[in-house]
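Protein chains: 2
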Amino acid sequence: MKGSQEFVQHITPKSENFSQWYTDVILRAELADYAPVRGCMVIRPYGFGIWENIKELLDRRLKATGHKNAYFPLLIPRSFLEKEAEHVEGFAPEVAWVTRAGSEDLAEPLVVRPTSETIIGHMYSKWISSWRDLPVLINQWANVVRWEKATRLFLRTSEFLWQEGHTCHRTEEEAEEETLKILDIYKDFLSEDLAIPVLFGKKTEEEKFAGAITTYCVEALMTDGRALQAGTSHNLGQNFAKVFDISFLDQDNQLKYVWQTSWGVSTRLIGGIIMVHGDERGLALPPKIAPVQVVIVPIMPPPSQEIVIKTANEVFQRLKRTLRVELDAREEYSPGWKFNEWELKGVPVRLEIGPRDVKAGKVVLVQRDTGKKTIVPMENLEEAVTNMLSDVQEGLYRRAKKFMDENTHTSDNYDEFKDIIEAQRGLIFAPWCGNPNCETSIKEESGATIRCIPMDSEPKPGKCVCCGDNTDTWVYFGKAY
Amino acid sequence: MKGSQEFVQHITPKSENFSQWYTDVILRAELADYAPVRGCMVIRPYGFGIWENIKELLDRRLKATGHKNAYFPLLIPRSFLEKEAEHVEGFAPEVAWVTRAGSEDLAEPLVVRPTSETIIGHMYSKWISSWRDLPVLINQWANVVRWEKATRLFLRTSEFLWQEGHTCHRTEEEAEEETLKILDIYKDFLSEDLAIPVLFGKKTEEEKFAGAITTYCVEALMTDGRALQAGTSHNLGQNFAKVFDISFLDQDNQLKYVWQTSWGVSTRLIGGIIMVHGDERGLALPPKIAPVQVVIVPIMPPPSQEIVIKTANEVFQRLKRTLRVELDAREEYSPGWKFNEWELKGVPVRLEIGPRDVKAGKVVLVQRDTGKKTIVPMENLEEAVTNMLSDVQEGLYRRAKKFMDENTHTSDNYDEFKDIIEAQRGLIFAPWCGNPNCETSIKEESGATIRCIPMDSEPKPGKCVCCGDNTDTWVYFGKAY
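Residue numbers (my numbering), protein chains in the order written: chain A, 396 to 876; chain B, 396 to 876.
Hints in this document: simulated from the structure, not taken from any laboratory.
Bear in mind the structure is a predicted one, so any value in this text is a computation, not a measurement.
Hints are not guaranteed to be accurate.
[Stated by the list, open to error] Restricting the straight-line Cα-Cα distance to at most 20 Å, the calculated cross-link-like pairs of lysine to aspartate or glutamate (EDC-like) are:
no. : chain 1 : residue 1 : chain 2 : residue 2
1   : A       : K838      : A       : D810
2   : A       : K463      : B       : E425
3   : B       : K450      : A       : E451
4   : B       : K757      : B       : E721
5   : A       : K458      : B       : D723
[Stated by the list, open to error] Restraint-style ranges between C-beta atoms, simulated for each label pair:
no. : chain 1 : residue 1 : chain 2 : residue 2 : range
6   : A       : A459      : B       : G829      : 55 to 63 Å
7   : B       : A487      : A       : G461      : 41 to 49 Å
8   : A       : D583      : B       : P696      : 39 to 47 Å
9   : B       : E774      : A       : E789      : 42 to 50 Å
10  : A       : D583      : B       : E568      : 49 to 57 Å
11  : B       : N775      : A       : D647      : 24 to 32 Å
12  : A       : S836      : B       : A487      : 52 to 60 Å
13  : A       : E411      : B       : A459      : 40 to 48 Å
14  : B       : A459      : A       : G461      : 30 to 38 Å
15  : B       : E727      : A       : K858      : 53 to 61 Å
16  : B       : A487      : A       : E789      : 50 to 58 Å
Ideal Cβ positions, reconstructed from N, Cα and C, are used throughout, including at glycine.
Make the full structure from the sequences, and use the hints.
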């Protein structure tokens, strides 16, 4: 609670300085704090509560599709990382090295995992020998370390938490099917649980995962007009299978390499939630992942304190059977101060109860997203609150979808393109010839990257926004986090 | 499934070579595997399923007592570790050092956390300023690294998973109360959920946590007669508060240091479960934490395959609404082979269903712990299975308690004492003068350590089992893992 008095007084206006607003919200809502190690953060209980809900909901979706969790070592021998050429090139510049343990120097330095394809590949080669052992559908919830130059709370930190799925399949088709199934799970999870609409598609060669054949992704649009890569699903082909010798005897008695996938989402999603749903008053959390779904604020002018508290407590006991509820009965803070505080913390529904409400057998419900007040009778409180939580969940999604639609432009004019990107007005759907040189020029000249090559759009003739060559391919560009 | 064919054929007899039996069970039941990094292990899906259930059940108990989860960085600056003199002395010999990141040598090496008192203490000093901020009741589920010389799957690995609670309180009394509350939670959790009876009490000065004032512990007796420290709860006094300057303005307007506790249990518990409940046929899992509580094995002689499978599947659908159930309908393995396999994996209840059972509207239930068969009518299957699971849970506890009682000896004769320890016949309740020299002599001469100074026994006159001096204190000795 330290600093509570200040934090409701000031967060930088979002419209004035988005980046400072973002940091203010995180620090003042006590989601996270800076750690004393470069680029690392501490996830505080309120922020970690969001992560626990994310984990639970996504884990359920992954288990329902046959995936099981396991745990692989944090430390990976250097030689493993070096086996897959593209992989080491992509990750070596940002790994942390363990070179000593106890009092001895290690003969072979160990890498603190930046991702686990290599160590998991090594184990899979021990475990898999027959087609009967396939598919292997394993997921891991873990911490990873990537020594980043420029860091930002939740979005890019030297250590972060994530899930990483690693699967092995008998055929190329099955691996591709799995890659797309996971992309679908991510898409549904983001839109249904986090209320975040997404674009989805393929990454270009330039942007794909170091070691993958194809990387698919879900991309979200932040309210400052920048894109956020929210999750990736990689078809690894046989790249790692070949270097780690993950082979099996197929039904036709041939020894074959497995086909692999890997995929992940991370604590970065919390950054996305803040930047998609937050407003001038602070956080706004989708009810499905809010650590507190309803906050009860009793209004207690002197003579009626006892009766109000008693009723507020009854309401609390009733609601907490099925919902995540908090009763804020602190006497050292005024109701108005509490309203601001819980709005800053993004609690979806506030329940106010005062002496007149007690008498009338009613309470006041206030929606965080719209500020709308509703007076509801005590009898069907559970239903009213549950319905309002659904409303907030849907309302947040609708608002985000509308924002994304309004800020996704179509253009094949390079000047216009650059203007939109410079003004940070969102995403651009534009024709691209497929040449990596154009991709690089665009990035250098405008700061925009290809966020994805969509999978659900028909080819249509156009001229590359950069070089003017004829093309059928339209892709989404944006300035990304 | 690789190796499935072998693993039911052989596990080393428990009575012949306990240690090899332990390893065989882990590898062949696919709980874990050796990792390619010294002393590290991979927790495979079946073993991780046990850990997930442990987490869920213990987390529920911790949250019900007001604790919240958070996440602190993996990497800790060397200077932090060095601040508390006893702490660094205890941990420095076994830490892993990150000395390079990306391509640069770090100015200050970082420690991969062996435990998090120091980094959490640093953050608490930022967050706490007033008595209103107290108590702070935070827990973390995390991986830690301790570079151990001699390692053993689950019991002592260079990396392990655990929870570590770290709390701050206004008064010494409150901190002591918290320390004991957690000890109680551990005791109840082990006996009620893991079916493991425990001794509980204080550690001696020699055995306490590096940096604590008092360490309390729960100790369990393995079926080979050795003790296992299953969980510890430390009263840290103001040791860390003073070096990390965690102070607060109290109601009396005085600036004071907080009083702290820390406490943890780890994946070592899985080792305890194996060694307490396992038998010649392999694992035996308490239903509350078994990843599979019921396995359905259809018996399908040729003409009746279809009808048996259909019924087995109906039973599967019915039971999986409330229980963790697996249907093993593989055709390449015989029922007998499957019985052995699932017994090895410790599944508490097996449900057999054959053509005659289908006709009679009955199924056969078999208890893993006793092998007892019960024929139950299809109608009240759910109830029968649920009751049998309770029976197994209680039966495992009863058997373990009986074993512990029978193998806890009382002795004040040093020769007898040494004989018992040498023959590994269990624990000894013996008088001790309180002198660390006697403690050390006993350890050197017999290999036994003081497992705990019990809190629930009356002082009674005796003579120190080592030096013969008069004493009122009786303690538990044992050879420990």
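So the hint says 24 to 32 Å: do the beta-carbon atoms of B:N775 and A:D647 match that?
48 Å, violated
Starting from the hint 53 to 61 Å, judge whether the C-beta atoms of B:E727 and A:K858 obey it.
59 Å, holds
30 to 38 Å was suggested as the range; check whether the CB atoms of B:A459 and A:G461 agree with it.
32 Å, holds
Need the status of pair A:K458, B:D723: alpha-carbon distance at most 20 Å?
Holds, because 18 Å separates the two Cα atoms, which is no more than 20 Å.
Check whether the Cα positions of A:K463 and B:E425 lie no farther apart than 20 Å.
Distance ~13 Å between A:K463 and B:E425 Cα, so the pair holds.
Given the proposed pairing of B:K450 with A:E451, does the C-alpha separation stay at or below 20 Å?
13 Å, holds
Honestly, do B:A487 and A:E789 meet the 50 to 58 Å range at C-beta?
For B:A487 and A:E789 the Cβ distance comes to about 55 Å; the hint holds.
CA of A:K838 to CA of A:D810, is that 20 Å or under?
Since the Cα atoms of A:K838 and A:D810 sit roughly 14 Å apart, the hinted pair holds (cutoff 20 Å).
With respect to the beta-carbon atoms only, verify the hint that B:E774 and A:E789 lie 42 to 50 Å apart.
At roughly 43 Å between Cβ atoms, A:E789 and B:E774 fall inside 42 to 50 Å, so the hint holds.
Range first: 49 to 57 Å. Now tell me if the beta carbons of A:D583 and B:E568 are that far apart.
51 Å, holds
Within 41 to 49 Å or not, the Cβ separation of B:A487 and A:G461?
Taking Cβ atoms as reference, B:A487 and A:G461 lie about 45 Å apart, which means the hint holds.
Verdict for A:A459, B:G829 (Cβ pair) under range 55 to 63 Å:
Check passed, 58 Å falls within 55 to 63 Å.
Hint compliance for this structure: hint 11 is the single one not met.
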